[in-house]
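Protein chains: 2
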Amino acid sequence: MEHVLCGKCVRCGREYPAVPDLKTCGCGGILDITYDYDRIRPRLTKDVLAGRRTPSMWRYRELLPVEADTPAPPLRVGWSPLYDAPRLAEQLGLKELWIKDDGLNPTASLKDRASSMAVAKAREAGAQVIACSSTGNAASSLAGNAAAAGLQTYIFVPSRAPQGKVAQLLTFGATVLSVQGSYEDTFELSKAAIARWGWYDRNAAVNPYLSEGKKTVSLELMEQLGWCVPDYVALSVGDGCTIAGVWKGLKDLYALGLIDRLPRLISVQAEGCCPLNRAIAEDAPWRPMEENTLADSIAVGVPRNAEKALMAIRESHGLVVNVSDEEILEAQKLLGRTCGVFGEPAGVTGTAGVRKLCEQGVLGAKDTVASIVTGNGLKDVANAIRANGSPISVAPDMQQLLQAFADNGIDPA
Amino acid sequence: MEHVLCGKCVRCGREYPAVPDLKTCGCGGILDITYDYDRIRPRLTKDVLAGRRTPSMWRYRELLPVEADTPAPPLRVGWSPLYDAPRLAEQLGLKELWIKDDGLNPTASLKDRASSMAVAKAREAGAQVIACSSTGNAASSLAGNAAAAGLQTYIFVPSRAPQGKVAQLLTFGATVLSVQGSYEDTFELSKAAIARWGWYDRNAAVNPYLSEGKKTVSLELMEQLGWCVPDYVALSVGDGCTIAGVWKGLKDLYALGLIDRLPRLISVQAEGCCPLNRAIAEDAPWRPMEENTLADSIAVGVPRNAEKALMAIRESHGLVVNVSDEEILEAQKLLGRTCGVFGEPAGVTGTAGVRKLCEQGVLGAKDTVASIVTGNGLKDVANAIRANGSPISVAPDMQQLLQAFADNGIDPA
Numbered sequence: 001m002e003h004v005l006c007g008k009c010v011r012c013g014r015e016y017p018a019v020p021d022l023k024t025c026g027c028g029g030i031l032d033i034t035y036d037y038d039r040i041r042p043r044l045t046k047d048v049l050a051g052r053r054t055p056s057m058w059r060y061r062e063l064l065p066v067e068a069d070t071p072a073p074p075l076r077v078g079w080s081p082l083y084d085a086p087r088l089a090e091q092l093g094l095k096e097l098w099i100k101d102d103g104l105n106p107t108a109s110l111k112d113r114a115s116s117m118a119v120a121k122a123r124e125a126g127a128q129v130i131a132c133s134s135t136g137n138a139a140s141s142l143a144g145n146a147a148a149a150g151l152q153t154y155i156f157v158p159s160r161a162p163q164g165k166v167a168q169l170l171t172f173g174a175t176v177l178s179v180q181g182s183y184e185d186t187f188e189l190s191k192a193a194i195a196r197w198g199w200y201d202r203n204a205a206v207n208p209y210l211s212e213g214k215k216t217v218s219l220e221l222m223e224q225l226g227w228c229v230p231d232y233v234a235l236s237v238g239d240g241c242t243i244a245g246v247w248k249g250l251k252d253l254y255a256l257g258l259i260d261r262l263p264r265l266i267s268v269q270a271e272g273c274c275p276l277n278r279a280i281a282e283d284a285p286w287r288p289m290e291e292n293t294l295a296d297s298i299a300v301g302v303p304r305n306a307e308k309a310l311m312a313i314r315e316s317h318g319l320v321v322n323v324s325d326e327e328i329l330e331a332q333k334l335l336g337r338t339c340g341v342f343g344e345p346a347g348v349t350g351t352a353g354v355r356k357l358c359e360q361g362v363l364g365a366k367d368t369v370a371s372i373v374t375g376n377g378l379k380d381v382a383n384a385i386r387a388n389g390s391p392i393s394v395a396p397d398m399q400q401l402l403q404a405f406a407d408n409g410i411d412p413a
Numbered sequence: 001m002e003h004v005l006c007g008k009c010v011r012c013g014r015e016y017p018a019v020p021d022l023k024t025c026g027c028g029g030i031l032d033i034t035y036d037y038d039r040i041r042p043r044l045t046k047d048v049l050a051g052r053r054t055p056s057m058w059r060y061r062e063l064l065p066v067e068a069d070t071p072a073p074p075l076r077v078g079w080s081p082l083y084d085a086p087r088l089a090e091q092l093g094l095k096e097l098w099i100k101d102d103g104l105n106p107t108a109s110l111k112d113r114a115s116s117m118a119v120a121k122a123r124e125a126g127a128q129v130i131a132c133s134s135t136g137n138a139a140s141s142l143a144g145n146a147a148a149a150g151l152q153t154y155i156f157v158p159s160r161a162p163q164g165k166v167a168q169l170l171t172f173g174a175t176v177l178s179v180q181g182s183y184e185d186t187f188e189l190s191k192a193a194i195a196r197w198g199w200y201d202r203n204a205a206v207n208p209y210l211s212e213g214k215k216t217v218s219l220e221l222m223e224q225l226g227w228c229v230p231d232y233v234a235l236s237v238g239d240g241c242t243i244a245g246v247w248k249g250l251k252d253l254y255a256l257g258l259i260d261r262l263p264r265l266i267s268v269q270a271e272g273c274c275p276l277n278r279a280i281a282e283d284a285p286w287r288p289m290e291e292n293t294l295a296d297s298i299a300v301g302v303p304r305n306a307e308k309a310l311m312a313i314r315e316s317h318g319l320v321v322n323v324s325d326e327e328i329l330e331a332q333k334l335l336g337r338t339c340g341v342f343g344e345p346a347g348v349t350g351t352a353g354v355r356k357l358c359e360q361g362v363l364g365a366k367d368t369v370a371s372i373v374t375g376n377g378l379k380d381v382a383n384a385i386r387a388n389g390s391p392i393s394v395a396p397d398m399q400q401l402l403q404a405f406a407d408n409g410i411d412p413a
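Residue numbers (my numbering), protein chains in the order written: chain Y, 1 to 413; chain B, 1 to 413.
Chain Y extracted, bound-state conformation:
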């Protein structure tokens, strides 16, 4: 990997050779993959990208930490659609709003980007087994991407994981351990098991390559925007790995001269579980919190990648905002009705935050915002139905239909 310099600890600065099974620093800090931008700059230009048809994250191979001959894993991950949302922008009072629907990845979440990278690196490492702990999406994405590549998986999820994610895991043939405890308990058990059996580690807060997969969402976002940088990029935050990855991608593009300024990040957490946003708001070290939200993917009381996430928010002069579960479900409906995008609760939390900042007057008519939907609503149907009520039940008869419309105050004319 001539374009990769090393893995550098974000805490103590120590540098490590970029071997395929790189983990955390001896000091406990998380590593950041550093690149030789001078080498990459002439190879990855706007023109080069404009000529590429590959509609996947692997179109950015020059910025990904893999060997030149490492095959892209089988599932087609990335190049999710970016929608201009003029009606929603108008409703919220924004100048421009774009919605990037990452729920349209193969296993229906942004986490596919990290899992595709994990499979590529596991192959480089010669591993046959990959393992992770996850609130659900990292798990199902790892299971799917590994199955397509013929690799075996051990997956640890908290017992609260929604049925949709569990169904995916089982269908993909993963060995699924449902841990009776919090995400923190789940993470620790997976860590111990990985150490014991030597599986390839897909925990995003341990394996520094995974953020590099996640960063492709912002590479795509900027290319899809024609390299015009929005004022803000909003997304939900749990473990901290995704926002760290998003920031890394933006900084890569800035270092290469592909964008001429950096957007500010908007970190959105659930009111019932917001340890990172609290740390920013209080300008204090983060402290653990309860995991009290229906947005299961971001119900992370002990964020495993707090250092990188907090650095990203601070470096970008970012905003933080917390939203209630009700505000999350309202955002789900809003995105469905105005954009035809159905996100899971954590998936729409970024948009819920944007809406709240608009209502508070923090964002307004001069601002352009991109909001990333990180997972598909089909993963958690129960909460969507809870938020939306029921269909109108009718017998197959026109008189009954007329009555049903009248009863529900609907004028079909």
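Note that these hints are calculated values from the structure, not bench results. Check the hints yourself; a few may be wrong.
What the hints assert, rightly or not - Sample of chain Y residues facing chain B (criterion: CB under 7 Å; computed from the structure):
id, residue
1, 127
2, 177
3, 384
4, 391
5, 396
6, 399
As the structure is a prediction and not an experimental result, all values here were calculated from the model. Every residue, glycine too, gets a C-beta built ideally from N, C-alpha and C.
Given the coordinates of chain Y, assemble chain B onto it according to the supplied hints.
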């Protein structure tokens, strides 16, 4: 639409001008949109397509029945991934097998292709309201595509529709009528309501433009295969509209000289509901059947597009095969474990049929097959969990984990 000649009745041959709200023939027959291939041929070449980046069904605009200035609707439909599946091919004893995962469309089914077309034509017709009846997927795709375009929808679904599809409908803001009856009852009620209130009709067996949307799945398939035609294209069949659309696309490409032969279709239905396959097998007119299968999307006892579907199967010298619900769930697991593709029951029914034909020796080591997965497994989580059992429940403790592995006969080493 200078490239469109007319809508021609498949039963009596009568021709109608291609107005935006075209429906069925006066004789009751379904119309088929006919094109001026001589006009299209020089405009839609392999080179022209190779230069297009648009990763959506609208890359084939020259072959779609819309005005030149009709905008493509907002949601990005089509250009779903095609996966080479060498391990599954080997397991089944086929020369080559490709899986096209159409469950990765915006609302997670192939039906998005027809709904995108419906939205485009409704706009041409100046309509503000679109309606349809559906076993579920046409409904949720119409609701999503219409919401993104700012159009209102009335949707009729049988009360058996799975929760995932209902959740989508409600989130997209459709007015949803859950009809206490069969799909046939649901269809008839929607037909009466559409006639009464004059909504734009998105019933695929009435509106001849919708097949033209669906056909894009085979246009893509052939382009993704580099215009090398497989021996067979397999898919599940319910109403008959999808297989008719698939065949139409193949014939279009053949007429334009973009492919040099036509594949044979494999029509797969559920044993508990196979009126079309029965008609082919008995070489007799089709007769209604009970709707007795868990594959809800193809549980269609009175297929509304029997004429086009039967013509497609016969013209292609196609094969028909029926599969049990158990075989469907087995195919779901097989696709998950070997390809990382999670399809809903009806979505994987095509692959279930391929597997059965391999076991029967009808297909074998000389054959190349493309199998279309028509919908995402996340739409029907209950059946997937039923098929796959449960995760292994453990307390967050290494001793408990060791015990759980031992109890389940798992050797993690």
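To see whether the hints hold, each was checked on the structure:
1. 127: For residue 127 of chain Y, the interface hint is violated, since the closest Cβ of chain B sits about 14 Å away, which is over 7 Å.
2. 177: At 5 Å from the nearest chain B Cβ, residue 177 of chain Y passes the 7 Å test, so the hint holds.
3. 384: 4 Å, holds
4. 391: 4 Å, holds
5. 396: Constraint on residue 396 of chain Y satisfied, holds at 4 Å.
6. 399: 11 Å, violated
In this structure, the hints that do not hold are numbers 1, 6, in rising order.
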